[in-house]
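J.: For this note's numbering, count along the sequence shown from 1 and bump the result up by 3.
Check each hint, because a few of them may be wrong.
To be verified - Subject to a maximum C-alpha distance of 25 Å in a straight line, what follows is the list of computed SDA-like cross-link-like pairs (lysine to any residue):
(1) 17 x 154
(2) 17 x 71
(3) 17 x 51
To be verified - Here are the simulated distance ranges between beta carbons:
(4) 132 x 72: 19 to 25 Å
(5) 155 x 119: 19 to 25 Å
(6) 35 x 151: 23 to 29 Å
(7) 119 x 175: 16 to 22 Å
(8) 39 x 6: 36 to 42 Å
Derived by calculation from the structure, the hints in this document are not laboratory data. C-beta: ideal position from N, C-alpha, C; glycine also.
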Amino acid sequence: MTATDDLVARVAEKARATTRALPAPARAEEVTAAEESLGFPLPPLLAALYREVANGGFGPDYQLLPLVGPGRTATGEYRSERSASAAGDTPYWPAGVLPILDWGCGMYAAVDCLDEAAAVLLFEPNAMTDDGAVAWFVDAGSLAAWLETWLGGTAWYSEDADAHEDVPEPSPWPSAATRIAG
């Protein structure tokens, strides 16, 4: 069993234990179609989560958005944010950054699908001015690390985060301006 297989298995176990009714996993052909419509491949770990755990509906607090299907999806939110970003006076959404979880109030957890490590970014637009880059923060250096903090209850958003001394806070994303400029 690889480290990725182990992580996916632990995520699936927690998802089953904490979610009343998990959606069915996305089929391989649905993941492929989503990648084609997005114009970039999903990181292998993210694709495995959607194919092997469920098509969203699990994870931290508000839970992962479905990749595909009716209603709000990660692919639909990506297209919507990219379109709004391009149409506005202040570009703010970089190519290849897939929103996977809606925190509410316009905030998203998003995976940088163009980064080999698949960093998880926090988009927090509520203080954004005329510089879209100020809304982007690094939540975790990789999707695997982000999932580990959720599994361990040591993420900044965890209810008992204050009980842990080493809970990292999101920090400004140094590549935001460059990536937004495209």
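J.: Hint by hint, work out which the structure violates, then give me just those numbers in ascending order.
T.: Violated hints (numbers, rising): 4 and 8; every other hint is consistent with the structure.
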